[in-house]
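Visitor: Sequence:
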Amino acid sequence: MPYFIFKKTLLTFFILLATFGVPLSVFHPLTTSANYTINTTDLKKEEPAKISNQISSVSSDRTNKSFRYTFKKPGILYQSSSMEESRSRYWWLSSGGALIIQNHQGMTLHGDQPKGSTLQKRYARYNSSHSDEGLHPQNIFRLITQDSWKDFSQEIYVRMDEIQLSKTTDRDASDGILLFNRYQDQHTLYYAGIRVDGAAVIKKKYQGLYSTLDYQPFFETGTSSYNRNSNPNFIPKDKWMGLRTIVKTLENGSVQIQLYIDKEANGKWQLAAKAIDTGSIGGPVINKPGHGGLRTDYMDASFDQYYIHELD
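The sequence shown finishes on residue 312 if you use this note's numbering, and the numbering steps up by one all the way, no holes.
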């Protein structure tokens with residue numbers, strides 16, 4: 001490496017270290033307590049070479065056509081500022097503090113982070129309102145695949161374990177559990193899934209502009225409607241269900257997106273929402289290959305059996 005590049009890289013590292021403390025991008029054996037809180041001070045004792053070597057043992061199956069991740073190998077993947085800095089060759093956690101893997105499941109952080117812990121103080125410093133002064137880094141959870149696909153089917157089984165009734169005005173009816181499709185960056189992608197107001201939704205985000213492509217009532221709400229205080233959630237708690245999206249470019253250049261839900265986790269998939277993006281709403285179609293992934297908002301959640309398959 002040329003000396004000036006080395007010098008610049010070293011300077012950047014020390015600036016980040018001085019600003020944030022130990023790096024967030026770390027994957028290491030699980031050492032959490034029963035309520036899934038993390039004490040990140042133990043990361044100072046880890047050697048990076050040993051940490052990175054553990055990534056190859058994470059349970060997964062990747063071929064040219066598909067990728068299956070079964071969450072079998074216990075561990076923790078911490079958030080990192082870029083895909084290149086992630087210690088997982090399969091995932092990038094861009095927000096949410098940490099991905100926990102234990103008992104053959106993945107999960108967000110659960111419950112409160114201890115006051116005064118490294119993670120709590122870090123989030124209180126740079127994302128206080130969304131994380132409830134650092135107590136709930138999991139409120140904005142974003143997990144993105146390292147690989148990209150263009151036309152593909154993607155699915156995961158999810159369970160909402162607890163809703164976090166954050167006081168921030170950002171918490172609203174649009175929050176939920178959603179799959180990323182053709183993710184270019186945080187400003188340009190398709191996403192689809194279930195919302196806390198009980199609906200199934202497909203949206204496009206193009207250069208930061210949100211457009212709703214389809215919105216369908218899905219979960220039973222009775223005579224009630226969403227209210228952030230009195231009725232803050234209609235997604236069933238403590239219940240596994242499957243989410244599946246299928247995205248492909250049609251012969252005329254339009255993009256078709258379909259959302260299926262396995263409501264009882266019994267293999268019976270129901271078409272919940274569908275859309276064809278012609279480029280007439282919210283900017284042009286997103287036609288380049290992009291990443292898959294998962295988003296959860298203001299909740300503690302668990303995951304199992306992620307699978308993505310390239311369409312012929």
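Calculated from the structure, these hints are not laboratory results. We treat Cβ as the ideally placed atom computed from N, Cα and C, and that holds for glycine. It cannot be assumed that every hint is accurate.
Ranges of calculated distance between the beta carbons of each label pair, as one might list FRET restraints [as the list claims (entries may be wrong)]: (1) S254 with R125: 42 to 48 angstroms; (2) D147 with E220: 35 to 41 angstroms; (3) K150 with K115: 41 to 47 angstroms; (4) Q207 with M83: 27 to 33 angstroms; (5) K115 with E84: 17 to 23 angstroms; (6) Q102 with N229: 22 to 28 angstroms; (7) L209 with W269: 44 to 50 angstroms.
No more than 30 angstroms apart at the CA atoms, straight line, and that leaves these computed lysine-lysine pairs for DSS-like [to be verified]: (8) K288 with K237; (9) K167 with K121; (10) K237 with K115; (11) K268 with K237; (12) K239 with K72; (13) K115 with K150; (14) K263 with K274; (15) K65 with K115; (16) K150 with K121; (17) K167 with K72; (18) K150 with K73; (19) K167 with K150; (20) K274 with K73; (21) K167 with K248; (22) K65 with K167.
Visitor: All the hints need checking, so say for each whether the structure fits it.
Guide: Outcome of the hint check:
no., hint, verdict
1, S254 with R125: 42 to 48 angstroms, "holds (45 angstroms)"
2, D147 with E220: 35 to 41 angstroms, "holds (37 angstroms)"
3, K150 with K115: 41 to 47 angstroms, "holds (46 angstroms)"
4, Q207 with M83: 27 to 33 angstroms, "violated (20 angstroms)"
5, K115 with E84: 17 to 23 angstroms, "violated (33 angstroms)"
6, Q102 with N229: 22 to 28 angstroms, "violated (33 angstroms)"
7, L209 with W269: 44 to 50 angstroms, "violated (31 angstroms)"
8, K288 with K237, "violated (36 angstroms)"
9, K167 with K121, "holds (18 angstroms)"
10, K237 with K115, "holds (27 angstroms)"
11, K268 with K237, "holds (20 angstroms)"
12, K239 with K72, "holds (20 angstroms)"
13, K115 with K150, "violated (43 angstroms)"
14, K263 with K274, "holds (17 angstroms)"
15, K65 with K115, "violated (45 angstroms)"
16, K150 with K121, "violated (39 angstroms)"
17, K167 with K72, "violated (35 angstroms)"
18, K150 with K73, "holds (29 angstroms)"
19, K167 with K150, "violated (38 angstroms)"
20, K274 with K73, "violated (35 angstroms)"
21, K167 with K248, "violated (39 angstroms)"
22, K65 with K167, "violated (43 angstroms)"
Violation of the numbered hints given earlier is confined to hints 4, 5, 6, 7, 8, 13, 15, 16, 17, 19, 20, 21 and 22; the remaining hints are satisfied by the structure.
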